[in-house]
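Participant: According to this note's numbering, the sequence shown holds residues 6 to 571 in order.
One or more hints might be untrue.
[To be verified] Below, a list of computed lysine-lysine pairs in the DSSO-like style, where the Cα atoms sit at most 27 Å apart:
#1 Lys189 with Lys422
#2 Lys545 with Lys472
#3 Lys13 with Lys268
#4 Lys51 with Lys23
#5 Lys85 with Lys23
#6 Lys163 with Lys377
#7 Lys198 with Lys67
#8 Lys268 with Lys329
#9 Lys85 with Lys422
#10 Lys23 with Lys377
#11 Lys78 with Lys67
#12 Lys77 with Lys215
[Unchecked claim] Pairwise CB distance ranges, derived in the manner of DEER restraints:
#13 Gly164 with Glu416: 22 to 32 Å
#14 Asp176 with Thr450: 24 to 34 Å
#15 Ile340 with Asn360: 16 to 26 Å
#16 Glu14 with Glu269: 41 to 51 Å
#17 Leu474 with Glu14: 16 to 26 Å
#18 Asp542 with Gln479: 47 to 57 Å
Please keep in mind that the hints were generated in silico from the structure rather than gathered at the bench. Since the model is a prediction, treat every value here as computed from it, not as a measurement. Using N, Cα and C, we set each Cβ at its ideal position, and we do this for glycine too.
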Amino acid sequence: MYRRWIQKEIPSQEEIEKLSQAININHSLASILIQRGITDFENAKKFFRPSLDHLHDPFLMKDMDKAMDRMKKAIDSGEKILIYGDYDVDGTTAVSLVYSYIHNFYGKCEVYIPDRYAEGYGVSLAGVEWAEQNGYTLIISLDCGIKSSELIDVANNKGIDFIVCDHHLPDNNIPNAIAVLDPKQNDCNYPYKELSGCGIGFKLIQAYAKRYRDEQELAPYLDLVAVSIASDIVPINGENRTLAHFGLKKLNEDPSPGLKALKEIAAIKNDLDVSGIVFTLGPRINAAGRVAHARAAVDLLIAKTEEEANDLAGKVNIKNDLRKQFDSDITEEAIAMIENDATLRSAKSTVLFKNTWHKGVIGIVAARCVEKYYRPTVILTESNNKITGSARSVNGFDLYNAILECSDLLEKFGGHKYAAGLTLDIQNLELFQRRFEEVVSSTITEDMLTPVIEIDMPLDFNMISQKFLNVLKQMAPFGPESQRPVFQANNIYVFNSLSSFKDKHVRFLAGQEGSDCVFQAVGFDLIEHYDRLSKRDVFKMAFTVEENTFNGTTSIQLRIKDIKFH
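Let the hints inform the model, and build the full structure from the sequences given.
Facilitator: What follows is the structure, encoded as structure tokens:
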């Protein structure tokens, strides 16, 4: 696949020199930091030495005082509290965090996760009725609720109060809840807008601890927050960076029993980073709700003992194996549908429907199709006599706005710029397919339809050293809005040891003309370049600098992002 390389703007020499001297690092590293908004000693100190003191006061969030008053009243008067959340990783970690915290000192609380297939996303009528039947008078919704005005009104009429904790974009109709905690509300002055759903849950318990208990109690829950930040693909900057930093430390050094059991069953031996969570823990937690009921994931995450957690992790892992099979089979079908239809192949978007596809994996399939065809994609299936779907986008294209343009054809929808879910009546299927393609075709640019690799700066091999890598490692955690720095080196050649593996990847020792340095280089999904590499042609390479540990030996490795031959 052709990829566009874009060179980020290099800061001025004066800026680079100033920061380089202030914090005693070389010009290349100073340039990378300035590109990330780190321009002076104080900013650099805060960046390289995160502190939980950097977290914002939770009471800056609109309605937090109201939420605290209602929680305290419920606890003081012995009311039953229901912790209600979405069935994905963000929702289940949020529910596990808030439930575990409250349950430590107050026993009259329970968990409710809606069934993905019977109830769907968000607050459900079945959930409200269950709360009424079982005597719950306060529901705390997590990672959902901001678009559940009608059902929250139903709950109000039944004498059930709501505290909504959500991070999705609200519409004009804000729910009539006791408190609505969502920094994306226009009139919320909370300084950081990009918290995960579990992050909002953390701010809720932080406020309770700050006002009524002790903030030292919060540390055990940071690993759950890190898992949610990684899995929900929120920006790794500001408050999220601080939470992810300490959450990863907890996850790697002293994880909760449930996460420890998941790490063991996934055979994770090295420290996890954001990417590691995305590819190992996240899918396993998600699998519970994708192929069965997500309550199993919550039970694992709130487990108190290692024995209980190990048993539950084994069951969740079986669900993950099943999920992988569904994912593989449906992705193959989806790709075949595109390849066998000239109109679909030439379209600017992908909208596919099959009534037998498993609802739990269509989001994954949408992401796989974006990887292959690189265009906005909606994968649809049938559920409860309706059509339901998951959508994924490409860099720079606002998927949410495109779906909004089709809202008259939909029963409900929600999501973000790059990921969304939707439900529609079967009679509107063809109309939606046509409208979505029209909207995408009229608004997407050719540049958006081409994958982009952003290059931070050129870098010669003789600049790469262990000291250089050590500073790069301190820039972690890496993720959206704070990616691992990408470099470009020219006049590269295969020094020796060229090999391929798994019919998809390449590995070789890379050298650079004019340099004595040679580094192990690995390129995942770059088998397309194998023949040219075998001819020892000179090329330029986009890459990241990483540490690789194999058979007890640690060395510098270059992870190839792309290759272009001269």
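Participant: Confirm or reject each hint.
Facilitator: The hints, checked one at a time:
For the given pair, Lys189 sits about 14 Å from Lys422 by alpha-carbon distance, which is consistent with the 27 Å threshold. Simply put, Lys545 and Lys472 have alpha-carbon atoms about 24 Å apart, close enough for the 27 Å limit, and the pair holds. A distance of roughly 37 Å separates the Cα atoms of Lys13 and Lys268; the hinted pair therefore is violated under the 27 Å criterion. Straight-line distance between C-alpha atoms of Lys51 and Lys23 comes to about 18 Å, which keeps the hinted pair within the 27 Å bound.
Restraint check: the Cα-Cα separation between Lys85 and Lys23 comes to about 58 Å, which exceeds 27 Å; the hinted pair is violated. Among the hinted pairs, Lys163 with Lys377 is inconsistent with the structure: their alpha-carbon atoms are about 49 Å apart, more than 27 Å. The suggested pairing of Lys198 with Lys67 holds, with an alpha-carbon distance near 12 Å, which does not exceed 27 Å. With a C-alpha separation of about 18 Å, the suggested pairing of Lys268 with Lys329 holds against the 27 Å cut-off.
For a cut-off of 27 Å, the pair hint linking Lys85 to Lys422 is broken: about 37 Å separates their Cα positions. Using a Cα cut-off of 27 Å, the hinted pair Lys23 and Lys377 is violated, with the two alpha carbons roughly 44 Å apart. Between Lys78 and Lys67 the CA atoms are separated by roughly 19 Å; this keeps the pair inside 27 Å, and the hint holds. Proximity of Lys77 to Lys215 is assessed by CA-CA distance (about 13 Å); at most 27 Å being required, the pair is judged to hold.
The hint said 22 to 32 Å for the Cβ distance between Gly164 and Glu416, and at roughly 28 Å that hint holds. In this structure, Asp176 and Thr450 meet the distance hint of 24 to 34 Å, their C-beta atoms being roughly 27 Å apart. Separated by about 19 Å at the C-beta atoms, Ile340 and Asn360 satisfy the suggested range of 16 to 26 Å. For Glu14 and Glu269, the hinted distance range of 41 to 51 Å is satisfied, since their beta carbons lie about 45 Å from each other.
One distance hint, 16 to 26 Å for the beta-carbon pair Leu474 and Glu14, holds here, with the actual separation near 24 Å. Under the hint 47 to 57 Å, the C-beta atoms of Asp542 and Gln479, about 36 Å apart, miss the expected range.
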